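Undergrad: Using the sequences and the accompanying hints, generate a full structural model.
Residue-level listing of the chains:
Number of protein chains: 2
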Amino acid sequence: MENLLNNIEEITLMGPGPSCVDPSVLDALSKSTLGHLDPSFIKIMDAIKEQLKTLLHTENQLTIPMSGTGSSGMETAFVNLVEQGDPVLILINGVFGMRMQDVASRLGADVDTLEFEWGTPVVVDEVKAALSKKDYKIVAVVHAETSTGVKNPVPEIGALLKGSNAIYLVDAVTSFGGIEIRLDEWGIDVLYSGTQKCLSCPPGLSPVSFSEKAVDAIKNRQSKVPNWYLDLAMIINYWEGATRAYHHTAPINMLYGLYQALYLILEEGEGAVYKRHMDNHLLLANGLADLGINMLVDESCRLPMLNSVHIPEGADDAGVRSALLKDHQIEIGAGLGPLAGKIWRIGLMGHTARPENVEKLLGALKGIL
Amino acid sequence: MENLLNNIEEITLMGPGPSCVDPSVLDALSKSTLGHLDPSFIKIMDAIKEQLKTLLHTENQLTIPMSGTGSSGMETAFVNLVEQGDPVLILINGVFGMRMQDVASRLGADVDTLEFEWGTPVVVDEVKAALSKKDYKIVAVVHAETSTGVKNPVPEIGALLKGSNAIYLVDAVTSFGGIEIRLDEWGIDVLYSGTQKCLSCPPGLSPVSFSEKAVDAIKNRQSKVPNWYLDLAMIINYWEGATRAYHHTAPINMLYGLYQALYLILEEGEGAVYKRHMDNHLLLANGLADLGINMLVDESCRLPMLNSVHIPEGADDAGVRSALLKDHQIEIGAGLGPLAGKIWRIGLMGHTARPENVEKLLGALKGIL
Chain A
1 MENLLNNIEE ITLMGPGPSC VDPSVLDALS KSTLGHLDPS FIKIMDAIKE
51 QLKTLLHTEN QLTIPMSGTG SSGMETAFVN LVEQGDPVLI LINGVFGMRM
101 QDVASRLGAD VDTLEFEWGT PVVVDEVKAA LSKKDYKIVA VVHAETSTGV
151 KNPVPEIGAL LKGSNAIYLV DAVTSFGGIE IRLDEWGIDV LYSGTQKCLS
201 CPPGLSPVSF SEKAVDAIKN RQSKVPNWYL DLAMIINYWE GATRAYHHTA
251 PINMLYGLYQ ALYLILEEGE GAVYKRHMDN HLLLANGLAD LGINMLVDES
301 CRLPMLNSVH IPEGADDAGV RSALLKDHQI EIGAGLGPLA GKIWRIGLMG
351 HTARPENVEK LLGALKGIL
Chain B
1 MENLLNNIEE ITLMGPGPSC VDPSVLDALS KSTLGHLDPS FIKIMDAIKE
51 QLKTLLHTEN QLTIPMSGTG SSGMETAFVN LVEQGDPVLI LINGVFGMRM
101 QDVASRLGAD VDTLEFEWGT PVVVDEVKAA LSKKDYKIVA VVHAETSTGV
151 KNPVPEIGAL LKGSNAIYLV DAVTSFGGIE IRLDEWGIDV LYSGTQKCLS
201 CPPGLSPVSF SEKAVDAIKN RQSKVPNWYL DLAMIINYWE GATRAYHHTA
251 PINMLYGLYQ ALYLILEEGE GAVYKRHMDN HLLLANGLAD LGINMLVDES
301 CRLPMLNSVH IPEGADDAGV RSALLKDHQI EIGAGLGPLA GKIWRIGLMG
351 HTARPENVEK LLGALKGIL
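Those protein sequences? They're chains A and B, same order as listed.
For reference, each letter of the first sequence is one residue, going 1 to 369 in this note's numbering.
For reference, each letter of the second sequence is one residue, going 1 to 369 in this note's numbering.
These are calculated hints, taken from the structure and not from any lab test.
Source: prediction; values computed, not measured.
Do not take every clue at face value.
Just so you know, same-sequence chains aren't split out, so a pair can sit in one copy or run between any two.
[As the list claims (entries may be wrong)] Within a straight-line C-alpha distance of at most 16 Å, the following computed EDC-like cross-link-like pairs (lysine to aspartate or glutamate) qualify: (1) K53 to E185; (2) K49 to E59; (3) K360 to D290; (4) K128 to D112.
TA: Following this line, the structure appears as structure tokens:
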């Protein structure tokens with residue numbers, strides 16, 4: 001019988017995620033599986049919580065990886081907090097803000113949105129105006145819009161919300177591990193991320209963090225969380241305390257991978273990791289400029305790890321991406337929604353953010369175009 | 001910095017899951033990560049669907065692994081089908097039947113239950129009587145009750161439901177890969193499983209299969225599925241068709257592992273795999289009898305892969321399990337719910353079901369007791 005796994009090529013992953021994975025993280029995945037209640041495994045769980053708290057700059061006790069991909073983190077954030085008719089404000093300037101709106105609406109929230117042009121950031125003054133008109137239970141924003149490459153003003157929105165009753169909910173799927181996040185200082189109450197972006201671990205887990213205020217809101221719900229799998233009130237009892245109560249079987253080997261991925265970031269040093277992302281972003285942006293390829297997003301709010309570029313006139317969108325993949329073993333991403341066919345998305349996330357990858361891509365693009 | 005992954009010991013996993021993992025499956029996990037829309041990866045996705053269909057004996061097009069552990073499969077099954085007030089009958093004789101009741105109730109189903117003593121099977125005549133009194137949208141049962149070691153009469157209940165409008169929903173988390181499942185022949189409409197039991201892949205994925213009747217029920221919903229992450233109407237568009245639409249980033253490396261785990265079962269041969277489970281179960285049961293340790297479940301409905309045994313008089317439940325783990329690197333499971341402190345659960349799932357493991361456990365138990 002043919003085994004398809006023998007044909008897997010090594011691809012330089014320069015799309016919107018997954019990103020390249022360090023060999024030691026791949027090795028970690030293949031360590032011997034332990035039981036989900038084994039004391040040695042519980043030590044690893046405890047260590048992961050501490051690693052996440054350190055990198056997010058938070059004291060939140062409820063800081064754990066959920067057993068699903070980044071989108072399950074979004075689901076976790078809303079399903080644990082939203083009850084029928086709760087007023088929620090969602091700030092939208094890309095696909096992932098829209099996804100938040102869909103997730104919250106399905107759960108019965110009364111969703112208001114503020115929308116901003118794709119490729120531009122959320123405007124803080126407009127948020128301020130909206131907050132002066134209505135009290136919201138939740139205000140939600142995406143830190144790094146993976147669909148456009150825009151960094152939203154998360155600390156500034158947090159400052160607006162200080163002292164209010166609103167729960168501040170932030171999508172950090174693409175930002176975590178690539179740019180600084182100071183969860184407590186910025187007043188974030190709920191944050192979720194994914195492993196396959198700047199953490200450079202394969203997809204499959206979603207780190208989340210909930211403040212005491214958010215945990216209190218969960219405890220004071222009138223109705224049960226309408227999602228057994230993601231119910232934090234039960235999951236806490238597996239991740240915390242002296243006796244760990246079985247909820248569901250944790251994805252053991254994926255958690256080994258996350259531990260190792262976080263270990264590498266802490267070993268390199270948080271500051272050095274962010275600098276590496278920025279340095280390689282600048283190297284890429286300059287190199288692309290030399291090829292006549294322009295960035296979509298204004299420099300003031302550009303993400304280092306997700307570079308949206310205008311497809312040069314005359315270039316065949318799918319053809320170029322396909323040639324990069326087939327002839328150069330490089331993956332880059334297509335545009336989504338209104339930006340489909342107009343932009344490419346070039347990721348420099350985690351282990352991908354290295355000069356040799358930037359140079360490889362620039363050389364390949366030069367040859368193709 | 002200390003790295004906890006260096007301390008991971010190889011444990012013989014003889015509990016209720018996770019089970020031992022073949023080295024080639026661990027190797028598969030550490031293959032180079034591909035993009036979730038890479039044509040080579042889509043080939044692997046297509047192959048996994050075919051592997052699952054072959055082993056489940058089904059033509060169901062919607063046969064895919066969900067991006068979460070077995071419990072996310074249970075959530076998927078109910079959340080896609082249940083709407084407010086839908087009448088659901090759940091047959092309960094252990095923890096996982098109770099979990100179904102909780103999951104369905106949270107989603108607003110009108111749940112009736114038939115309960116049977118833990119350690120005994122569902123009684124088909126009682127189900128027949130219940131079905132004659134009321135029309136149900138869903139009838140749900142656990143094939144292999146992991147909490148007790150009982151095999152429920154899934155084909156017989158399916159025969160009762162033939163020709164009715166009810167959707168027949170079966171939990172095959174522990175049965176799939178260890179005993180035969182003939183999905184189409186038995187009239188099952190919705191089935192979910194987990195990877196970490198008899199498929200012998202680490203935890204993290206949940207294979208599911210939905211019949212045409214179940215898919216039609218999803219298409220005819222009045223309300224949106226109140227769970228974006230598990231909404232099959234969207235997920236289908238990623239797993240089927242010529243253009244694969246991004247929904248969430250699939251857990252790439254875990255899917256490599258599942259592919260390899262299913263590959264091994266197909267290579268060994270389905271019949272040989274089931275026989276290996278039964279042979280090792282008999283070897284264990286006989287060896288335990290020699291030690292004066294008795295099975296909880298009657299021979300007529302005993303599962304080969306999950307052996308519940310009475311804790312011998314005078315033996316210290318936690319002490320024995322701890323000695324097995326620390327001194328012999330063997331994990332077995334404790335009892336749950338009303339059976340806590342009364343039974344041990346000895347798993348012979350997938351790669352664990354080998355004579356050398358049975359002999360190792362028997363020898364260790366003999367020494368400790």
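Undergrad: A separate judgement is required for each hint: does it hold in the structure or not?
TA: To see whether the hints hold, each was checked on the structure:
For the homomeric pair K53 and E185, the shortest alpha-carbon distance inside one copy (13 Å) is at most 16 Å, but the shortest distance between copies (51 Å) is not. Proximity of K49 and E59 under a CA criterion of 16 Å is satisfied intra-copy only: 10 Å inside one chain copy versus 43 Å between copies. Proximity of K360 and D290 under a CA criterion of 16 Å is satisfied intra-copy only: 15 Å inside one chain copy versus 67 Å between copies. Taking CA atoms no more than 16 Å apart as the test, K128 paired with D112 passes inside one copy only; the shortest distance there is 14 Å, against 49 Å between copies.
In this structure, every one of the numbered hints holds.
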